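Using my numbering, the first residue of the sequence shown is number 20, and each one after it goes up by one.
There could be a bad hint or two in this list.
With a cut-off of at most 20 Å between alpha-carbon atoms, the simulated DMTMM-like pairs for lysine to aspartate or glutamate come out as follows [unchecked claim]:
(1) K107 <-> E211
(2) K167 <-> D105
(3) K115 <-> E87
(4) K115 <-> D105
(5) K81 <-> E122
(6) K167 <-> E87
(7) K107 <-> D223
(8) K167 <-> E211
(9) K107 <-> E122
Taking CB as the label site, the calculated pair distances span [to be verified]:
(10) R235 <-> K81: 32 to 38 Å
(11) L121 <-> G253: 34 to 40 Å
(12) S111 <-> R238: 23 to 29 Å
(13) T154 <-> K107: 23 to 29 Å
(14) M250 <-> R102: 16 to 22 Å
(15) A82 <-> K245: 15 to 21 Å
(16) A248 <-> P99: 23 to 29 Å
(17) E249 <-> E101: 36 to 42 Å
(18) R238 <-> A83: 23 to 29 Å
Hints were generated in silico from the structure; no laboratory data involved.
These numbers come from a predicted model, not from an experiment.
Quick reminder that beta carbons are idealized off the backbone N, C-alpha and C, glycines included.
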Amino acid sequence: MSSSSFCSATRASGSCGRSGPSRPRVTSERTAFMSRKDRSKRQLTSQKPAERWTKTPPPHMKAAVHPELTTIGMAILHRPTERVTDFKETRSLCEKLVALVLEINGAGLAANQIGVAKRVLVVQNRIAGGASSQTRPIVMINPDIIGKSDDTGDAWETCFSVPGYAGLVPRAQRIRCRYDTVDGEERVQDFEGFAARVIQHECDHLDGRTYLERLRTQRDFSTEEKLRAEMSQGQRQSLPTSKRIYE
């Protein structure tokens, strides 16, 4: 929380809406004799997760659920992917993404999550509102979100690239997405609810971002284990399973 949250009109004198001479700054004994290590730790805890762990993984982060998955801190996750121009050469990548998202039972998966810097994602067909009899995930090549609703909603998200953690992420409730099929045909499709959230999550990956960069406060970030415990004790509002994203 920034200092402006406490005082919207802090004056140079050091007062906050008060008149009279400023008081000398008082440094507590605890702060004055704080070791360099403790000072560094205190500075880290004041930062948002995205500022702390874009290069270094969070402490006690679990291993990836699959050896081919990339995790936070790897350079490929923190830079934008390249647009696809040769659709024939991309077919093998699309098949690999489809097979892996089914194997790990994810909601969706982006190409740079398996170490390929191409603008390709897959999303489970059942999530995207497809026919229940069709189990093959939808492949989106060069996806772009070209419209978002003004109304937003919060939901806990997890990510294969940040295993063992969860974040409360605000996202648009409805989106319009333009993308190419594996055959190079352009499509424009509207999504809402959980499907919209998954696609926004995956498009963030393709833009070189993770959900950590959308968190508003440190409290919006937790280990899955701690989050479940707090929800069971009523310390956090529990959200329906359908509102959580595991991918």
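**OP:** Against the structure, test the hints numbered earlier, and report the numbers of the ones violated in rising order.
**Re:** 1, 2, 6, 7, 9, 10, 12, 14, 16
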